[in-house]
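Asks: Residue-level listing of the chains:
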Amino acid sequence: MDTATHPDPQGSLIEDLKRGNSFAYKEAVREYSPGMLAVARFYLDHSSAEEIVQDCWVTVIDAIQKFEGRSGLKTWLHRIVANRCKNKLRSINREVATDFSESLDPELADRFNAKGRWDLPPKLKFHESADTLMENDALSGCLDKHLSALPETQRSALMLYEAHQHKSEDVCNILDISASNLRVLLHRARQKIFLMVETFQETGKC
Amino acid sequence: MLMCRDLADIASDYIDGELTSRQNLSVKMHLMMCKHCRTFIGNLRASTDLLKVHSSGRENEELIRKIDERVAEALRERKSDGGTRE
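So the protein lines, in turn, are chains A and B.
Using numbering that gives the first Met the number 0, read the first sequence as starting at 0 and increasing by one per residue.
Using numbering that gives the first Met the number 0, read the second sequence as starting at 0 and increasing by one per residue.
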């Protein structure tokens, strides 16, 4: 397999960005900003996170000249955001506080008996495919609500890993967490979504 | 022996293929015998997939509009500085 030899679809976008092509910027902003925001939200509150993402794009216009493509464009952008956020946190002397101690969600943990068997097992099978489920507007809205209620750290980890399809090691680098802590964040977040879908399927309520 | 609670604890690692081959085997053995855990794993996997579909097309339109404006302005400034790049 020699797919690695060339044509890199990102290559021409990067060249256009280096030339300052405004259409290329529009395309890149649309493509990469949601992920950049997910990174920033790991570190900062919503409005500061949005500001950082905006500022980053302005610095990208110059910084892209030095981009050598050793990492993908997405990873490079996400690192810029992460570094800026970390600087900002340092300047206001604050750290990201996260609890990595338990990987089982307390609500789920309560559903096992003392012997570790299911006391309250999952009743229904989610038989529909993800695409079919998402056609349900109420469920989609409910998912939005629950996603925004997740702790920032869990949500960012989940978004970068699932929605933006980063490899584990990239997520760890960008968010500055260990591989085992990433596993905890992902698992906690997924359980919350599982519990939400379960409630929704059983009761029709969010 | 792996109990249901233990399995729930490492379910994401199982789904992502992050377990050691030994752990993986004990999860598989457990799943063969336990219907509840099969349902749980299936549902957790479905929830995970849901997220991929759900968030892939999401954008913050307002934020993107603001960024577009700032980028356009910054590009204009650089051009008027005579710094046209080619």
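Don't read these hints as lab results, they were simulated from the structure.
In this text the structure is predicted, and so the values were computed from the model without any measurement.
The reader is advised that the hints may include incorrect statements.
Stated by the list, open to error - FRET-style restraints, in silico, Cβ to Cβ: (1) Ala137/A x Met32/B: 45 to 53 Å; (2) Lys34/B x Asp175/A: 36 to 44 Å; (3) Arg21/B x Lys25/A: 49 to 57 Å; (4) Glu60/B x Leu123/A: 29 to 37 Å; (5) Lys34/B x Glu67/A: 47 to 55 Å; (6) Lys34/B x Asn86/A: 28 to 36 Å; (7) Ser46/A x Arg21/B: 43 to 51 Å; (8) Glu60/B x Asn82/A: 40 to 48 Å; (9) Glu168/A x Met32/B: 28 to 36 Å; (10) Leu24/B x Asn82/A: 25 to 33 Å; (11) Phe99/A x Ala71/B: 37 to 45 Å.
Stated by the list, open to error - Calculated pairs, DSS-like style, for lysine-lysine (alpha carbon to alpha carbon, straight line, at most 27 Å): (12) Lys17/A x Lys78/B; (13) Lys51/B x Lys204/A; (14) Lys166/A x Lys51/B; (15) Lys27/B x Lys166/A; (16) Lys65/B x Lys87/A; (17) Lys51/B x Lys114/A; (18) Lys65/A x Lys78/B; (19) Lys73/A x Lys65/B; (20) Lys65/A x Lys65/B.
Yeah, the Cβ is synthetic: ideal placement off N, Cα and C, and Gly gets one too.
Asks: Are the hints correct? Go through all of them and say.
Replies: How the hints compare with the structure:
1. Ala137/A x Met32/B: 45 to 53 Å: For Ala137/A and Met32/B the Cβ distance comes to about 36 Å; the hint is violated.
2. Lys34/B x Asp175/A: 36 to 44 Å: Given range 36 to 44 Å: holds, Cβ gap about 41 Å.
3. Arg21/B x Lys25/A: 49 to 57 Å: At roughly 51 Å between Cβ atoms, Lys25/A and Arg21/B fall inside 49 to 57 Å, so the hint holds.
4. Glu60/B x Leu123/A: 29 to 37 Å: holds (35 Å)
5. Lys34/B x Glu67/A: 47 to 55 Å: Given a distance of about 53 Å, which is inside 47 to 55 Å, the answer is holds.
6. Lys34/B x Asn86/A: 28 to 36 Å: violated (52 Å)
7. Ser46/A x Arg21/B: 43 to 51 Å: With a Cβ separation near 48 Å, Ser46/A and Arg21/B satisfy 43 to 51 Å, so the hint holds.
8. Glu60/B x Asn82/A: 40 to 48 Å: Violated, since Glu60/B and Asn82/A (Cβ atoms, about 27 Å apart) do not stay within the stated range.
9. Glu168/A x Met32/B: 28 to 36 Å: holds (35 Å)
10. Leu24/B x Asn82/A: 25 to 33 Å: Taking Cβ atoms as reference, Leu24/B and Asn82/A lie about 42 Å apart, which means the hint is violated.
11. Phe99/A x Ala71/B: 37 to 45 Å: Holds, at about 42 Å.
12. Lys17/A x Lys78/B: holds (13 Å)
13. Lys51/B x Lys204/A: OK: Lys51/B and Lys204/A at ~22 Å, within 27 Å.
14. Lys166/A x Lys51/B: This hinted pair holds, its Cα atoms lying about 14 Å apart.
15. Lys27/B x Lys166/A: Roughly 25 Å separates the two Cα atoms, so the pair holds.
16. Lys65/B x Lys87/A: Roughly 21 Å separates the two Cα atoms, so the pair holds.
17. Lys51/B x Lys114/A: Not OK: Lys51/B and Lys114/A at ~35 Å, beyond 27 Å, violated.
18. Lys65/A x Lys78/B: Distance ~19 Å between Lys65/A and Lys78/B Cα, so the pair holds.
19. Lys73/A x Lys65/B: Answer holds: Lys73/A to Lys65/B is near 20 Å, not above 27 Å.
20. Lys65/A x Lys65/B: holds (25 Å)
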